[in-house]
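J.: Residue strings, one per chain:
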Amino acid sequence: MGNRKEEDYNFVFKVVLIGESGVGKTNLLSRFTRNEFNHDSRTTIGVEFSTRTVMLGTAAVKAQIWDTAGLERYRAITSAYYRGAVGALLVFDLTKHQTYAVVERWLKELYDHAEATIVVMLVGNKSDLSQAREVPTDEARMFAENNGLLFLETSALDSTNVELAFETVLKEIFAKVSKQRQNSIRTNAITLGSAQAGQELGPGEKRACCISL
Amino acid sequence: SLMSGTLESLADDVSSMGSDSEINGLALRKTDKYGFLGGSQYSGSLESSIPVDVARQRELKWLEMFSNWDKWLSRRFQKVKLRCRKGVPSSLRAKAWQYLSNSKELLEQNPGKFEELERAPGDPKWLDVIEKDLHRQFPFHEMFAARGGHGQQDLYRILKAYTIYRPDEGYCQAQAPVAAVLLMHMPAEQAFWCLVQICDKYLPGYYSAGLEAIQLDGEIFFALLRRASPLAHHLRRQRIDPVLYITQWFMCIFAHRAGLGPPLSHFSWPHDRSVKIIFRVALVLLRHTLGSVEKLRSCQGMYETMEQLRNLPQQCMQEDFLVHEVTNLPVTEALIERENAAQLKKWRETRGELQYRPSRRLHGSRAIHEERRRQQPPLGPSSSLLSLPGLKSRGSRQKLEKERQKQEK
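As given, the protein sequences belong to chains U and C, one line each in that order.
Residue 163 in UniProt numbering sits at position 163 of the first sequence, with consecutive numbering throughout.
Residue 265 in UniProt numbering sits at position 265 of the second sequence, with consecutive numbering throughout.
I should point out that these hints are in silico values taken from the structure, not numbers from a laboratory.
Bear in mind that the values here come from a model prediction, so they are computed numbers and not experimental data.
Note that the Cβ used here is the ideal one computed from N, Cα and C, for glycine as well.
Treat the hints with care, as some may be off.
Selected chain U positions facing chain C (in silico; Cβ < 10 Å) [as the list claims (entries may be wrong)]: (1) Ser41; (2) Trp66; (3) Tyr81; (4) Ala101; (5) Val102; (6) Gln131; (7) Ala132; (8) Leu149; (9) Phe151.
Okay, derived cross-link-like pairs now, SDA-like style, lysine to any residue, Cα gap no bigger than 20 Å in a straight line [said to hold, decoys possible]: (10) C:Lys125 x U:His97; (11) U:Lys108 x C:Gly210; (12) C:Lys132 x U:Leu157; (13) C:Lys104 x C:Pro121; (14) C:Lys132 x U:Lys108; (15) U:Lys96 x C:Gly210; (16) C:Lys346 x C:His324; (17) U:Lys96 x C:Arg374; (18) C:Lys345 x C:Phe222; (19) C:Lys104 x C:Arg374; (20) C:Lys125 x U:Asn38; (21) U:Lys96 x C:Leu92; (22) C:Lys132 x U:Thr95; (23) C:Lys132 x U:Val102; (24) C:Lys125 x U:Gly57; (25) C:Lys132 x U:Arg42; (26) C:Lys125 x U:Leu157; (27) C:Lys132 x U:Asn38.
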């Protein structure tokens, strides 16, 4: 999965990072898009965002990643960020059970506001702190399986699985888009969900002629 | 002016400072005039541009106002306003903010209250979130650079105290940068009461559950923008809700990284120029960041527009420029109130009743002063005795406070 020039891409996928405050969403974002980690990354108020373009086969996919505030209070406004999202990383801190216990609530929140077809991965972050683990891997994996979510444990600090997590989500979205494209080969617009998502060039193609599946 | 202890721990932390890391080695020792050691908010500016004698004159005028504050507010408010507009001398800003927001009186009426709140155990639910946020505010400011340093400790004291003072409100993350900026100017107890006034008078509901006030102000802002600029059309077309860009600006009063940052944010704080300044500054920033509608056409979608909004042009980071741009904007308190009524009506029609009381906002020091006078009519010559703590005024205040809370429910 190599980097490519930013302007040069065939697809744009909007992915949101959600989960409780302090689980490491901002550092997952910075690790993936800039290969950086910051012990004192600032509290996210409202939203942060960043992009990275990756190659999936022969197609260049620009991942637009939106990182949201975790504090419950902000949920009143975060739904505005979900609009048009085709992927989500639902992050919890595997050293804090409380952040895992509320995953279900986050999931509901997401399905209430995003497209039904959204690809969701449950991410247990901070795997570098395994001695302080409070959420067993199997428990989280089981929950993910039962709810049709992808699952991985990551460490934004030592980079473990960060690439893989985003890559897996993007591939899954890509597969869905490709499949949908086959199904609606004659129509020009490709969208994963309703017209809402397609309007802002979101999950569809940049220009029809760019697509080389 | 670096505190001992700060330097060492900062040096330890340099490797983990990530993207903003522009500082290394001995350069650390030098802060700019706002106390920043580096990072994106480092202005590089070491001294003020105002001639010393002018600055001294202004200080004297302000000191004179402080000594007769009530008189100035009730009889010569226009002059106070004018002097605010010229700029509060930075040496007196802390004091001026306490007078203008009336937090000074609040502190005097509540002696020992802050300590009492500090000693109270506090709700673990809030304390946990607050602790997580302490090192995430202004890691490049000399006060907040050290983990567990005095700045972070004071921040904890203030934020915790607020959750006990207003248990119904608790803690909202945007309060941390606001409190931190206050701490850059004044001691913890003063900063606490100043925070109380900001949350209660200037920006009521901003930090409350549901965030209705910020959403409503977003709609008000958008209505003002529509009057002023075709940019509004572009934003609507890309389905960029106002909350997407005003949240950080308004809730942190521009102190957040994505805003003007603490060095300049004081300019946009409501104390010296009333709440309208927030709307005005946001209009100026939006206009200069997004540029012309033609330029905007190059922004394909929401993401591109938002990205452009995140990078404030250098021009906007200059106080002289901001003052000039902001002064001529025809956004008045009356206009904001009118839009407030209109947007409120719309809200009620489409979304139902609000949880918070939206008519509570006091725009500036004049309104705060007037409310105070209504609540506490001036007493006779023996009033000084009566206003001693524990006597009449304290009791009646509490009663009023209770009534106010009841009304809000």
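J.: Run the distance test for Lys132 (chain C) versus Asn38 (chain U): straight-line Cα separation, threshold 20 Å.
T.: Judged against 20 Å, a Cα distance of about 14 Å means the pair holds.
J.: Identify whether the interface hint at Ser41 (chain U) stands, where standing means a beta carbon of chain C within less than 10 Å of its own.
T.: holds (6 Å)
J.: With the threshold set at 20 Å, check whether the alpha-carbon distance from Lys104 (chain C) to Arg374 (chain C) stays at or below it.
T.: Given that 20 Å is the threshold and the Cα spacing comes to 18 Å, the pair holds.
J.: Is the shortest C-beta separation between Trp66 (chain U) and chain C less than 10 Å?
T.: holds (8 Å)
J.: Going straight from one Cα to the other, do Lys96 (chain U) and Leu92 (chain C) come out at no more than 20 Å?
T.: violated (45 Å)
J.: Is the hint on Leu149 (chain U) kept, meaning its closest Cβ partner in chain C is under 10 Å away?
T.: At about 25 Å, which exceeds the 10 Å cut-off, the nearest Cβ of chain C leaves the hint on Leu149 (chain U) violated.
J.: Is the interface hint satisfied for Phe151 (chain U)? The criterion is a beta-carbon contact with chain C at less than 10 Å.
T.: violated (25 Å)
J.: Does His324 (chain C) sit within 20 Å of Lys346 (chain C), going by the straight-line distance between their CA atoms?
T.: violated (34 Å)
J.: Are the Cα positions of Lys108 (chain U) and Gly210 (chain C) separated by 20 Å at most?
T.: holds (17 Å)
J.: Just to be careful, I want the Cα atoms of Lys125 (chain C) and Asn38 (chain U) compared with a cutoff of 20 Å; is the pair within it?
T.: violated (25 Å)
J.: Take a quick look at whether Lys132 (chain C) and Thr95 (chain U) sit within 20 Å of each other, Cα to Cα.
T.: holds (14 Å)
J.: Can you verify the interface hint for Val102 (chain U): is its Cβ closer than 10 Å to any Cβ in chain C?
T.: Violated - the Cβ of Val102 (chain U) stays beyond 10 Å from chain C, reaching only about 12 Å at its closest.
In summary, the numbered hints that this structure violates are 4, 5, 6, 7, 8, 9, 13, 14, 15, 16, 17, 20, 21, 24 and 26.
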